[in-house]
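Undergrad: Using the sequences provided together with the hints, build the complete structure.
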Amino acid sequence: MYSKMKQRKVVLNVDIVGFVASTVCAVHCAVIPILLSVTSYAGLAVWDNVWIDIGMFFLSFILASYSLLRGHFKQHKKCKAIAFMIFGFSLIAASFYLDMATDKVILSSAGALIVAVSHLINYNMCKKCKSAQ
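Residue numbering for the sequence shown is 380 to 512, as defined by the working numbering.
Bear in mind the hints are in silico, worked out from the structure with no lab data behind them.
Check the hints yourself; a few may be wrong.
[As the list claims (entries may be wrong)] If you anchor each label on the Cβ, the simulated ranges turn out as follows:
id	residue 1	residue 2	range
1	Ile441	Lys506	18 to 28 Å
2	Tyr445	Phe475	14 to 24 Å
3	Tyr445	Ser469	11 to 21 Å
4	Ile413	Lys456	33 to 43 Å
5	Ile441	Asn503	21 to 31 Å
6	Ile413	Lys509	38 to 48 Å
7	Met479	Asn428	11 to 21 Å
8	Lys457	Asn428	32 to 42 Å
Beta carbons: idealized from backbone N, C-alpha and C, even for Gly.
TA: Here is the structure:
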């Protein structure tokens, strides 16, 4: 019976992982400050840590760089996704230097969403290249 079953190969697409990670980052940047101001739950304070933000920044930067540069050099040869990525990470990096909480939340959330969009752009451009072959 097992030999008759069709085996599926699960392929983990780096752009999908990057999109999900960037979206989670955007939600983290937008929701944690709101939860901290609305609730007095001290356990949430651990998530409002600059080192967690910096760690998420560098991990997502490495993931995005790998994914988008691989797509650019090996497949579509277009810079649109990389431009979005650079702009998104520039907004996130700029948010580290702001003192106003609302400005920080807006910049970091917008930057993370733009990075997520860069992954979608790269994914679609790579998909078009594969279908054209």
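Undergrad: Which of the listed hints are broken here?
TA: none
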